[in-house]
Amino acid sequence: MKFVPAVTFALIFSLASFAACAAPSDPLEFYREYQAVLAKAKSLDPLLPYYTKELSTGLAKMPKEMQANYLRMNARKLTDLKVTRQAVDANKAVFEMTAMTGDGRPTSGKVTLVKEKGAWKVDDDAWATQAPR
Numbered sequence: 001m002k003f004v005p006a007v008t009f010a011l012i013f014s015l016a017s018f019a020a021c022a023a024p025s026d027p028l029e030f031y032r033e034y035q036a037v038l039a040k041a042k043s044l045d046p047l048l049p050y051y052t053k054e055l056s057t058g059l060a061k062m063p064k065e066m067q068a069n070y071l072r073m074n075a076r077k078l079t080d081l082k083v084t085r086q087a088v089d090a091n092k093a094v095f096e097m098t099a100m101t102g103d104g105r106p107t108s109g110k111v112t113l114v115k116e117k118g119a120w121k122v123d124d125d126a127w128a129t130q131a132p133r
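Counting from 1, one number per residue, gives the positions in the sequence shown under the working numbering.
Please note that a few of the clues may not be correct.
What the hints assert, rightly or not - Label-pair restraints from in silico Cβ distances:
| id | residue 1 | residue 2 | range |
| --- | --- | --- | --- |
| 1 | A36 | Q130 | 23 to 33 Å |
| 2 | A131 | D80 | 28 to 38 Å |
| 3 | K61 | P132 | 27 to 37 Å |
It should be emphasised that the hints constitute simulated quantities derived from the structure, not laboratory data. Given the structure is predicted, the values throughout are model-derived calculations rather than measurements. Each residue gets a CB set at the ideal place from its N, CA and C atoms; glycine is no exception.
All chains, please: the whole structure from these sequences, using the hints.
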């Protein structure tokens, strides 16, 4: 039964490859992936893996109506995302960005990502947009 170690190795290699694909190593790529999930989210469940442990634990403990409010306030579809300033090191990335909202208004934001267990996580994500006229 020499094929068992080979199958085990292949399975481990496949899982490691999947994990590498599932978590982008580039912080900006990770953030873009998070934005795509955020734009489609109907609940916090698909977003929690993108947040730091502290943030996801706090959000998960909130009552459902507060979670719905959080999602309503933060759900946004951004286009033309441009980095205007960045500071990236091995464990932290801070981006200042501009973008356009789904309804065509300019917006600006600051995003802080940190590494937890080797993976990028959203620690802070704040955007400011003028109210529609």
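Query - Earlier hints that do not hold, by number - result: Structure breaks hint 2 only.
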